[in-house]
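Participant: The primary structure of each chain is shown beneath.
4 protein chains.
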Amino acid sequence: MISSALTPHPSERAAWRRRFLAVRDQTTALAASLSPEDQVIQSMTDASPTKWHLAHTAWFFETFILKDHAEGYSPFDPDYAYLFNSYYEAVGERHPRPQRGLLSRPSSEEVLTYRSHVDAAMATLIEEASPKTWDMIHPLIELGLNHEQQHQELILMDIKHAFSINPLLPAYAPAMKRDPAPAPPLEWVAFPGGLYEIGHDGEGFAFDNEGPRHRVWLEPFALANRLTTNADYLAFIDDGGYQRPEFWLSDGWAARQSQGWEAPLYWLTRDGRREIFTLAGPRPLDLSEPVCHVSYYEADAFANWTGRRLAREEEWEAAASRNPTPPDPDGGSRLHPSAAADAGLSQMFGECWQWTSSAYSAYPGFRAAKGAIGEYNGKFMSNQFVLRGAAAVTPASHARMTYRNFFPPAARWAFSGIRLASDDV
Amino acid sequence: MISSALTPHPSERAAWRRRFLAVRDQTTALAASLSPEDQVIQSMTDASPTKWHLAHTAWFFETFILKDHAEGYSPFDPDYAYLFNSYYEAVGERHPRPQRGLLSRPSSEEVLTYRSHVDAAMATLIEEASPKTWDMIHPLIELGLNHEQQHQELILMDIKHAFSINPLLPAYAPAMKRDPAPAPPLEWVAFPGGLYEIGHDGEGFAFDNEGPRHRVWLEPFALANRLTTNADYLAFIDDGGYQRPEFWLSDGWAARQSQGWEAPLYWLTRDGRREIFTLAGPRPLDLSEPVCHVSYYEADAFANWTGRRLAREEEWEAAASRNPTPPDPDGGSRLHPSAAADAGLSQMFGECWQWTSSAYSAYPGFRAAKGAIGEYNGKFMSNQFVLRGAAAVTPASHARMTYRNFFPPAARWAFSGIRLASDDV
Amino acid sequence: MISSALTPHPSERAAWRRRFLAVRDQTTALAASLSPEDQVIQSMTDASPTKWHLAHTAWFFETFILKDHAEGYSPFDPDYAYLFNSYYEAVGERHPRPQRGLLSRPSSEEVLTYRSHVDAAMATLIEEASPKTWDMIHPLIELGLNHEQQHQELILMDIKHAFSINPLLPAYAPAMKRDPAPAPPLEWVAFPGGLYEIGHDGEGFAFDNEGPRHRVWLEPFALANRLTTNADYLAFIDDGGYQRPEFWLSDGWAARQSQGWEAPLYWLTRDGRREIFTLAGPRPLDLSEPVCHVSYYEADAFANWTGRRLAREEEWEAAASRNPTPPDPDGGSRLHPSAAADAGLSQMFGECWQWTSSAYSAYPGFRAAKGAIGEYNGKFMSNQFVLRGAAAVTPASHARMTYRNFFPPAARWAFSGIRLASDDV
Amino acid sequence: MISSALTPHPSERAAWRRRFLAVRDQTTALAASLSPEDQVIQSMTDASPTKWHLAHTAWFFETFILKDHAEGYSPFDPDYAYLFNSYYEAVGERHPRPQRGLLSRPSSEEVLTYRSHVDAAMATLIEEASPKTWDMIHPLIELGLNHEQQHQELILMDIKHAFSINPLLPAYAPAMKRDPAPAPPLEWVAFPGGLYEIGHDGEGFAFDNEGPRHRVWLEPFALANRLTTNADYLAFIDDGGYQRPEFWLSDGWAARQSQGWEAPLYWLTRDGRREIFTLAGPRPLDLSEPVCHVSYYEADAFANWTGRRLAREEEWEAAASRNPTPPDPDGGSRLHPSAAADAGLSQMFGECWQWTSSAYSAYPGFRAAKGAIGEYNGKFMSNQFVLRGAAAVTPASHARMTYRNFFPPAARWAFSGIRLASDDV
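Residue numbers (the numbering used here), protein chains in the order written: chain A, 1 to 425; chain B, 426 to 850; chain C, 851 to 1275; chain D, 1276 to 1700.
No lab work stands behind these hints, which were simulated from the structure alone.
It is possible that part of the hints are untrue.
[Claimed, not checked] Only pairs whose alpha carbons sit at most 20 angstroms apart, straight line, appear in this in silico DMTMM-like list of lysine to aspartate or glutamate:
1. Lys795(B) with Asp423(A)
2. Lys370(A) with Asp664(B)
3. Lys1220(C) with Asp1698(D)
4. Lys370(A) with Asp849(B)
5. Lys795(B) with Asp239(A)
6. Lys917(C) with Asp969(C)
7. Lys1220(C) with Asp1514(D)
8. Lys1645(D) with Glu1096(C)
9. Lys370(A) with Glu671(B)
10. Lys1645(D) with Asp1274(C)
11. Lys1645(D) with Asp1089(C)
12. Lys795(B) with Glu127(A)
13. Lys1220(C) with Glu1385(D)
14. Lys370(A) with Asp848(B)
15. Lys1220(C) with Asp1699(D)
16. Lys1645(D) with Asp969(C)
17. Lys795(B) with Asp424(A)
[As the list claims (entries may be wrong)] Derived list of chain B stretches under chain C, where covered just means 3 residues or more per stretch with a C-beta under 8 angstroms from a C-beta of chain C:
18. 457-465
19. 479-490
20. 501-512
21. 517-526
22. 590-599
We put the beta carbon where it would ideally sit given N, CA and C, even for glycine.
Extracted from the complex, chain A is given alone in its bound form:
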């Protein structure tokens, strides 16, 4: 699963080492502005404490690489195997997920020491591993770094949720400079029907669920040139969208009722004014920005209200792969999506993940890897929908044309937005 512009050639150990430490340091940097108290809390079962993310990503390298491949490696603390396992049944019992926020010990400081311990051992291993060991471990290091990047995004998602339920509405970061401009009008970009090849072809890293590359037949379709904006979505709300079951899936309507949804997550009304809570705290709602933090149910209801639909993931990928603007691996990550600026098919990456109408399932020919690593993706293939693209909070080098993100249809704390599709080409 390796080798790309971003991935050093396996033989360049020094480059691997540099890249390893750079990615690892980026995680620690994300937590730097948070107090120990901020890092321990867990605002809901779906989310995890920052400290847990910091520890679990170290646990990943310790468990899947150092324990088996670093001669003489001594685990930092034998209890951590239990405390920081996320969901790998094959590597033993684990601390219950809903209780992650109750672990005041180990402290943030100890967790940073744990990370240093693992990083030092990894740096040595990368440089000194025998060629045979290296052949075995470099795909695992690549996986571990991509895993680390997923948790970088999760750290931001989770702390945003935690701060949003604090009545003080604290900010994770200082206010971002914004240059509000109207979004371009909605236009349709058409794609012909036919036999397409979809999925990862094995060049460079991809998660196992992105392959095998395979053929699909698509009918002609069109995608919206830009993401659905807050203005678009507000029209749905103003037209009674949240009160009209005819637009909603049955389960979606039940979720809307039981959870009292009236607007996307993080929309606030204060002093009669629409605001939005961001990682820089609350501010007035910008109508040009993409709507974000909607569930699949809301995305689907919105699409029904427009008379259009969401894209199938294969349509999305077919379009993206014909698009002149691939993800920019050198782009820095930002903390909130921005309004579209470009003409043409824009905002495919780097603003909001885009709900597709595709339930998350196995591609033809997919087989999960043997052992614990096989639990990474395959065992989640029920009750989830695929999101495509990447969000403002996604590490830029982590975005990929074939990337399959997935969440349950009621989830709203991911940076999830809407891109409309249409059969009317």
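Knowing the structure of chain A, use the given hints to seat chains B, C and D on it.
Facilitator: Below, chains B, C and D without anything else, positioned relative to chain A:
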């Protein structure tokens, strides 16, 4: 949605009338052996009382046909609009589903009178409707009769569940004569890859979710010649299948844990002996019969244990449509699946519904109908998996090559079984 | 625990036999107007189906008398020991309470046959038991008959609840003739402080929890001459009683919030008019009648709003035992409380049970009986409050000065009302 | 509520000021060894974070004294009124209790600043208040200091629970020196029946629920000379106490079943050895120490197993007030109860709170104070049982003969133990 061997030509009103009454009477006949007490209970939220099924299917004709199209029709009881609406948001409020089993009134007798009232009005309408009215209503009658047949199967599913949790383990019907014979060995029937046409072509009735007919690309695949038997499944159990998370989806393992699954629904152990609860009461487990009443999670775990997989629904349909044995519309329905007898691809219809790996979703180009009828299928397209074929309890004339049944992956009270598929052709 | 005007002398076997059958027949008579469907449903966990009451009261005689003392007695059906045990841990496993409403089998008819079987065996035993056996069983028969009478009241409470949640609001009985008259004005009846004797003295039957008789010191107190009326209670509602936490216990306020209480159970608003649901169906609210079907929390909040309080159970009994109007054992039972007519301390019995401020606990010197019968009362001595008096639905011969009824403070389906007490004498 | 040996005379402002700051500093000192992370977590809804206790106790003085009586006082932060209100409905909305552990902000440091802000204002107010203001506020200061002491105990209870569910089992404090000695044999101390005066007489501070002083009639009774030991309790466990419903209240048995109780809270079995988790971490179970952290249900079941009973709270107080050993106000508080050493009626104070069989209710003549302060005690008078005495973690100057502690019968995280009583004198 019209006209087939089974469906009389629209101009033959008398034949329509006969068919209407025949299907309606079949429902009442299914309830004839049940006491009023049997008919009122609701053993779980997913199930409904027999009496409710009897009333709701009358409500369907009253609400969608008689009210709008039968001049001077007087609703039997205005309260029934509320009591017997199942889930149609567009026709107003409704009695909460979990409370259906608390309605001792109206009595079973009143419900039968309600059915007669509706039947009489329908019979008259069928014979006397103006041609213009007839054009509007005959597709609705067809839909109503198919709806009625779905509830015939539900009546049997639901009373089976209700009786199964009664410590007296009562029988719905007398013991069935059986002629136990070993199942044929498992063999693989191969199908080539290529572009297939899938879905209903508009000839004869189909539900809206079965269309539009469309092209899909399939890689070569093979299907098991017969359904998975109790013997096959017992080997999975004996190999620790219910204790080994590596075979299970994450949500499936959680369901297995929280619900304490150790075997399919309705398997019993009494005096140390494996038994099975059937509509004819408990009896020893027959190892040759198809395993039935498994959830999607169990079906998927079993398939993983074998190293094979479940079929995609398109594969199933492609195979079924090339198979010389279509569903037999004149076959009587039975109360329990039987062992396979035939060589070749057998048991596609009439034994157990077969879980596919396809999440239930819209075919390309699908748009739900406007209004209440549009709620029939489309709004359930999340968190469910498609089952193909038909079961022993399915009315024989209701089975269809393109039929898409669907249930949530944890459901076990449908007559749901397993057919393996394979990529190794 | 025996011998009173009502209880025949142990030596008069024929009189015992007549009384036994009379009480038993009274239970069956209460169910006579109910259909088999009415008798099977269970509208909430706290309530039981009529059929279950009919069977359980037979089970009581079978289990505690016939099995041990009737030579050659053959249990009607061995499964009933499991099905119809209510809560006696000492006599084995039992069918889960929340599933009582799912037992369509045995049928109502079979349960009546069960009752006849038990009655015949009991009638024979009463007449033919040896003197030594008789000494052992006649207290158990007395207990069984009192148990039977408790279930007579429960049958009415439970079917009232079941009918109240049926949107058809059916009536258990025809409308009662009523002669509305204004309630007498609220007055205070004073009682001096001092040492009182409280509890049953052993003459005639009483439940174990009514004794031993013992001394208590009471400060001077006064009781309201009549029960709180609907008019009184409406003033509380109109003054915002359900919106003002300052009157409520903390747990009471939480119950009021979570359950959305805005008025007593069974108060309805239809077409803008206050109505009340009774065993004879809905009718306009009669302001002179005692308020009924309030929880302890509501009774306590109401009392706080008036600036008064509820009585301690010892105060209630001290007052009742000095009152010239004891319960009338020949009074017929009615289906709804009536307005007070008398001057003086009225409505102590026969209208509504009266919440006291006394938590249900053991009297000094109380020891529960050994064995299963000891589970009758003692094991419920936590989280319940005592109600005193008797209600319109209580069998008249079942009322008693020392009777201690008890329910959890949030319960509202008993015929529970309010009598105010005061320290200002 | 005033003046005792401990309470300075109202005219001695400097002494009040010293005492105020001493009590306040004691709270802060309890938190000193805890990290900011330790202070933010909430291990269950019943418990609160240390930081919350620190802030809430400052909020109490700010809300009930400074806001109304300190001229020109400026609240530290207007949001704190909402964040740190515990349950006072009369002073407005409040942050939901179950979410207290999600407040990473304000930080521990800010909360300490808040405390200093309040302390400075209070110190000034104590010294400079006009005599008229002083008359109004000194009872509130007294109440606030007693409230503060209650939270000192809660801080220890809550952090013990939080640490107990951390798999690392951290210690709050270093191991305590212990001098294990066998407990004296169980003996009975008899008290005559008669009329007793119970409750606080108004000399010195007491909570409102401790009065008014009133007469009660008690029959002769006896109390155990010492608390039930771990050895005593282990005999109950070894005799199947947790498997035999005959000893248990019905609600207690249900709690035992649903929560899986097999021993007191904080008993562990590690490597086959009985251990106990204490504030100094885990250590072997000392059989001579009083059993602690049992629910009322366990205490009651244990008492039933012995054939004895728990004391009524009036019996406990009658005995305590005749006992030569009053609580020692100068005793330091400890972190765990110790074995009895003395002959005679020992361990009444300073080891474990002692469950009584008395439901928590109002004394005759009790009226809650008007306004928010009236919510302090009265509104909890349902579904709770009274505990008497004081525990090792109770501030020594906070123990009192008439003190009425109360918890729901299933609560186990208080330092609650057992003292047997008997009718056999």
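Participant: Look at each hint and say if it fits the structure.
Facilitator: Hints versus structure:
1. Lys795(B) with Asp423(A): The given pair, whose Cα atoms are some 18 angstroms apart, holds under the 20 angstroms limit.
2. Lys370(A) with Asp664(B): Holds - the C-alpha atoms of Asp664(B) and Lys370(A) are around 18 angstroms apart, at most 20 angstroms.
3. Lys1220(C) with Asp1698(D): holds (18 angstroms)
4. Lys370(A) with Asp849(B): holds (19 angstroms)
5. Lys795(B) with Asp239(A): holds (18 angstroms)
6. Lys917(C) with Asp969(C): Judged against 20 angstroms, a Cα distance of about 13 angstroms means the pair holds.
7. Lys1220(C) with Asp1514(D): Between Lys1220(C) and Asp1514(D) the Cα gap is close to 18 angstroms, so the pair holds against 20 angstroms.
8. Lys1645(D) with Glu1096(C): holds (9 angstroms)
9. Lys370(A) with Glu671(B): holds (9 angstroms)
10. Lys1645(D) with Asp1274(C): holds (19 angstroms)
11. Lys1645(D) with Asp1089(C): holds (18 angstroms)
12. Lys795(B) with Glu127(A): Violated - the C-alpha atoms of Glu127(A) and Lys795(B) are around 65 angstroms apart, more than 20 angstroms.
13. Lys1220(C) with Glu1385(D): violated (60 angstroms)
14. Lys370(A) with Asp848(B): Cα-Cα ~18 angstroms, so holds.
15. Lys1220(C) with Asp1699(D): holds (19 angstroms)
16. Lys1645(D) with Asp969(C): violated (60 angstroms)
17. Lys795(B) with Asp424(A): Given pair Lys795(B), Asp424(A) holds - Cα atoms ~19 angstroms apart, limit 20 angstroms.
18. 457-465: holds (count 6)
19. 479-490: violated (count 0)
20. 501-512: With 3 residues closer than 8 angstroms to chain C, the region 501-512 of chain B meets the three-residue bar; holds.
21. 517-526: holds (count 3)
22. 590-599: Our answer is that it holds, as 5 residues pass the Cβ test (under 8 angstroms) against chain C, meeting three.
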